[in-house]
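A.B. asks: First to last, the protein sequences are chains L and Y. Residue -9 is where the first sequence starts when you use my numbering, and the numbers rise one by one after that. Residue 15 is where the second sequence starts when you use my numbering, and the numbers rise one by one after that.
Honestly, the hints are just simulated from the structure, not real lab data. Heads up, a few of these hints could be off.
As the list claims (entries may be wrong) - Derived DEER-like restraints, expressed as beta-carbon distance ranges:
#1 K181(Y) to P149(L): 35 to 45 Å
#2 S121(Y) to T253(L): 27 to 37 Å
#3 F99(L) to E31(Y): 28 to 38 Å
Virtual Cβ for every residue (Gly too), placed ideally from N, Cα, C.
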Amino acid sequence: MSRSFKIENFVSQFILFLTALMVLIPLFWTFLNGFKYKVDIISVIPKIFFTPTLDNFIYVITKQAVYTGLLNSIIVTGISVLLGGLLGLPTAYALARYPNKWTNDIQFFVLSLRFLPPVAVAIPIMIIWLKLGLYDTRLSLIITYLLLSLSSTVWLSVPAFKQVPIEVEEAALVDGYNPYEIFLKIALPVAYPSLIGALAFSFVLIWNEFMIALMLTTTDAQTLPVVASGFTQMGRNVPWGILNASVIVLSIPPLLFLGLLSTFLDKIIKKSLGGKISG
Amino acid sequence: MANITFSNVKKSFTNIEVIKNFNLEVNDKEFIVLLGPSGCGKSTLLRMIAGLEQISEGKIFIDDILVNDLLPRERNVAMVFQNYALYPHMNVFDNISFGLKRIKVNSSEIKKRVDEVTTLLGIEDYLLRNPKELSGGQQQRVAIARAIIKTPKVFLFDEPLSNLDAKLRNHLRTEISQLHEKLKTTSIYVTHDQLEAMSLADRIVVIKDGYIKQIGNPKEIYLQPSDMFVASFIGTPAINFLQATVSDSGNQWKINSSNNNFYIDKKNYNLSHGLNINLGLRPSNINTVCDNVDINSLEGIVRHIEFFGQEQLISFEKNNNLINALVPFNLKISKGENICFKIDINSLNIFDTKTEKNLYKK
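One chain only, chain L, in its complex shape (with noise of 0.2 Å):
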């Protein structure tokens, strides 16, 4: 009995290592194509050992649309996440608590915005856009984002809503508080673990949003992915070197961002919750 459970613990731990290899080495990979010259990096026999050299980073960082899309990027989707959340979650709980006929077909619409490929609906929005004037604007990005945002947002939480104990809303609702207070100080507080990830999922989804982006922005808005494309496009030699560097640099900010996010979330929650005993 032990001995077998012994192997499955140990083929389920290689397979678990084995999948993390399949993701961790790609990057590792662009992690020191980013330092390599280009002769280094396009040898027959890949290199573990070489030259580093700066120069890949140095172009990066220098450009200033690279700087240009990092604001655009920060700005279109802290937006779009923001107002996906203060939008979609009271119309989660909604969904969640005080279900009608309607529930299921709102909950199915607000999946169905996401069915359609983003390039069916990306020239009849560029269209709309450019007859507004609105056109490679970052207003016009963040409205079209917040179709996302909240969509992903909203199918996201109502399980979350879901799982708070109703008896724990109910005795709120005896203890004298009032539907909208209990969602602020019960079902938020309480349901928050899995909220932060439907907001962390639809900033990652929105942060790496490119077809859209391509289609509504040609310089002013244009946000990191689009940037980063462009690096491609430098006549025919295509520059490996700097491609990974960027992906390198245009990976560092979500990253910093979500931990903040988090950590800040967290600290809001406590802060505001947990042992203020002298009230």
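With chain L fixed as given, assemble chain Y onto it according to the hints.
C.D. replies: Frame of chain L, contents of chain Y only:
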């Protein structure tokens, strides 16, 4: 302090009627237990008093104020839930004081009252702990503290002890009883545990399928159950039923069950000649052994013996029925032996086989 009145209260969920015309007067300071099997509608009744469930028809008054359309917070009730329902993200202090903060009680007053109730319930050392760090019994004490701190007009208990182990359940039951002695707040307590109901209640309301089966103090319910359902629901070990027929015998009724005859006084029961009845016999009333089969006695072959400590439960076979008798532990008896019991006819309950109603004359 308040009285509660239910007047023709009905409750339906979509097309299913779960409460059917419920009428009840709960007196001030009374401890009422709603007792019934699961799904009988007793929790729904409690939730209607709390304002967590709409009242489909009829009226509920608390302190002579119609509460049908009042919000939970306007009813001045406090509720203790089966699974404690503590706020998981708050420590014990915040859990208990959450309701007071809502009505803007100042913090020194809050502190004073939290100290009072937590000392009363013996949880004063856990104020800074989170609910997760407490045992089930401690959590339910916190939930009770949260309820009593608001000094409500009415306490509502929704099976508060059913998630606890047996020993703790007995302990907390006593505590709740003592608490009611002290606070005298009108309480409505929902349970499916008849022992809890018997030990806590001033009056028990036995409910089945949304109907009231019987209202009475624990003694009445135990000694004179209104029908066979109540009789079998109350009391452990469960009551025995024996099929029998009635015949006229002068100034007495003769009740015949196979070869056993019982003679009872006519003035106590509403019987008629030839009526088919079920005799209800509590195991605890079958304990006097007799030497030979006579009138007002019952005999059979012992099939099982369960040892309970001070008592032993004997199951003896009679016409392919097993009848339970609770006898003293020192009665020497073994499986397969014949046994005969003298029956105290005053302890008999007689039920109409057809209507299942108790035929006792009131």
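A.B. asks: 35 to 45 Å was suggested as the range; check whether the CB atoms of K181(Y) and P149(L) agree with it.
C.D. replies: 38 Å, holds
A.B. asks: Using the Cβ atoms, figure out if S121(Y) sits within 27 to 37 Å of T253(L).
C.D. replies: 30 Å, holds
A.B. asks: When you take the CB atoms of F99(L) and E31(Y), is the distance between them in 28 to 38 Å?
C.D. replies: 35 Å, holds
Hint compliance for this structure: every hint is met.
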